[in-house]
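Could you put together the complete structure from these sequences and hints?
There are 2 protein chains.
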Amino acid sequence: MLKLTKKADYGLMALKYLAEHPETPALSAKDLADAYGIPAQLLAKILQRLTKTGLLRSHAGMNGGYALARDARQISAYEVILAIDGPFFITSCTRGAKSCELTPSCTIKEPLARVNDTIAGVLKSISIHDLADREHSDAAPGRERQGLVTLTV
Amino acid sequence: MLKLTKKADYGLMALKYLAEHPETPALSAKDLADAYGIPAQLLAKILQRLTKTGLLRSHAGMNGGYALARDARQISAYEVILAIDGPFFITSCTRGAKSCELTPSCTIKEPLARVNDTIAGVLKSISIHDLADREHSDAAPGRERQGLVTLTV
DNA sequence: CTAAATAGGACCGTTCAAGTCGCATATTCG
DNA sequence: CGAATATGCGACTTGAACGGTCCTATTTAG
Chain A
1 MLKLTKKADY
11 GLMALKYLAE
21 HPETPALSAK
31 DLADAYGIPA
41 QLLAKILQRL
51 TKTGLLRSHA
61 GMNGGYALAR
71 DARQISAYEV
81 ILAIDGPFFI
91 TSCTRGAKSC
101 ELTPSCTIKE
111 PLARVNDTIA
121 GVLKSISIHD
131 LADREHSDAA
141 PGRERQGLVT
151 LTV
Chain B
1 MLKLTKKADY
11 GLMALKYLAE
21 HPETPALSAK
31 DLADAYGIPA
41 QLLAKILQRL
51 TKTGLLRSHA
61 GMNGGYALAR
71 DARQISAYEV
81 ILAIDGPFFI
91 TSCTRGAKSC
101 ELTPSCTIKE
111 PLARVNDTIA
121 GVLKSISIHD
131 LADREHSDAA
141 PGRERQGLVT
151 LTV
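From first to last, the protein sequence lines are chains A and B. Using my numbering, you'd call the opening residue of the first sequence number 1 and step up by one each time. Using my numbering, you'd call the opening residue of the second sequence number 1 and step up by one each time.
Don't read these hints as lab results, they were simulated from the structure. Quick caveat: nothing in here was measured; it's all calculated off a predicted structure. Incorrect hints may appear among the rest.
Which copy is meant is left open, so a pair is good if it fits within one copy or across any two.
No farther apart than 25 Å at their CA atoms in a straight line, the calculated lysine to any residue pairs in the SDA-like style are these [unchecked claim]:
#1 K124 / G64
#2 K7 / E110
#3 K6 / Y78
#4 K3 / E79
#5 K124 / A113
#6 K7 / D85
#7 K3 / A35
#8 K6 / R49
#9 K45 / D117
#10 K124 / Q41
#11 K124 / G37
#12 K6 / E110
The following block contains the structure:
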């Protein structure tokens with residue numbers, strides 16, 4: 001079905017929320033979970049993962065919690081998804097594996113690998129800041145609503 | 001993980017194979033399955049589905065089998081995937097559903113819906129013919145290897 | 001010390017992809 | 001006609017992965 005896992009969704013939502021509240025020093029997993037009605041324990045583990053991969057900074061103890069490790073503009077949706085779901089490939093037989101188990105057969109992979117790269121490219125070019133920024137979601141008032149990205153496949 | 005199902009892969013492979021053998025009036029599910037080492041019964045059901053959605057023409061009985069219902073150039077990867085896997089959406093909370101169960105919360109969906117549209121756009125612009133045609137896979141000899149698509153997100 | 005956090009392992013239930021089996025129907029050929 | 005070859009279709013099994021919970025250990029502010 002070509003969809004993101006809920007965990008990745010949750011992770012993106014949490015980072016977006018953090019990006020929208022830069023004033024607070026740190027938000028706990030519970031705070032973030034409550035903000036979106038997400039199971040707290042589940043989100044906690046997601047946040048822990050994001051911390052291990054260096055996208056978040058954590059602080060234990062009272063008044064602890066999580067904060068973005070970098071500027072929201074410097075964190076791409078790609079990184080988040082990768083950290084949570086692991087590497088994704090659109091085709092079963094990836095370009096990584098020398099070749100398909102289905103011997104030379106799968107000549108389909110090359111064209112689809114390009115699609116894969118495209119998707120990755122799009123996700124890499126979208127930052128957490130873009131998610132938080134309303135300018136992109138709703139049509140921008142003054143300036144022309146231009147695309148975030150333009151790419152060639 | 002954002003990946004295609006094997007069924008969709010199989011379907012694409014089968015269509016590609018058919019596109020590469022336009023001389024034969026029809027190829028049976030078994031023929032196609034053997035060509036790629038795919039479980040025949042499984043491929044059969046996939047082909048049946050593609051037939052129901054009008055991408056293939058089928059013919060029962062001896063010397064029967066499947067053939068492309070249209071020119072390979074007129075069948076997009078998108079149609080194939082849609083027929084096999086059903087509509088896909090990158091986010092759990094799609095734009096289709098009025099709104100997230102997670103109430104207004106999921107403001108993430110709009111930007112990601114755009115990513116979703118991008119992917120759909122790429123897949124729509126890739127035809128079975130493109131998959132079969134080596135020109136696209138390996139760098140084209142004479143002409144510049146240009147992209148299949150250019151789009152803006 | 002205690003309450004609020006993170007950190008992380010073990011575990012479980014449900015769903016879904018992948019594949020199999022069996023049977024009905026159509027069609028060609030000897 | 002009748003056998004062989006196909007499609008068409010539904011039911012079933014199995015295995016993995018996702019989503020989620022629980023429990024425990026550790027850190028840390030007040």
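Each hint tested on the structure:
no.: 1; hint: K124 / G64; result: neither (30 Å within a copy, 47 Å between copies)
no.: 2; hint: K7 / E110; result: between (29 Å within a copy, 18 Å between copies)
no.: 3; hint: K6 / Y78; result: both (15 Å within a copy, 24 Å between copies)
no.: 4; hint: K3 / E79; result: both (16 Å within a copy, 17 Å between copies)
no.: 5; hint: K124 / A113; result: both (16 Å within a copy, 15 Å between copies)
no.: 6; hint: K7 / D85; result: both (8 Å within a copy, 22 Å between copies)
no.: 7; hint: K3 / A35; result: within (23 Å within a copy, 30 Å between copies)
no.: 8; hint: K6 / R49; result: within (15 Å within a copy, 29 Å between copies)
no.: 9; hint: K45 / D117; result: neither (28 Å within a copy, 30 Å between copies)
no.: 10; hint: K124 / Q41; result: neither (28 Å within a copy, 40 Å between copies)
no.: 11; hint: K124 / G37; result: neither (27 Å within a copy, 36 Å between copies)
no.: 12; hint: K6 / E110; result: between (29 Å within a copy, 16 Å between copies)
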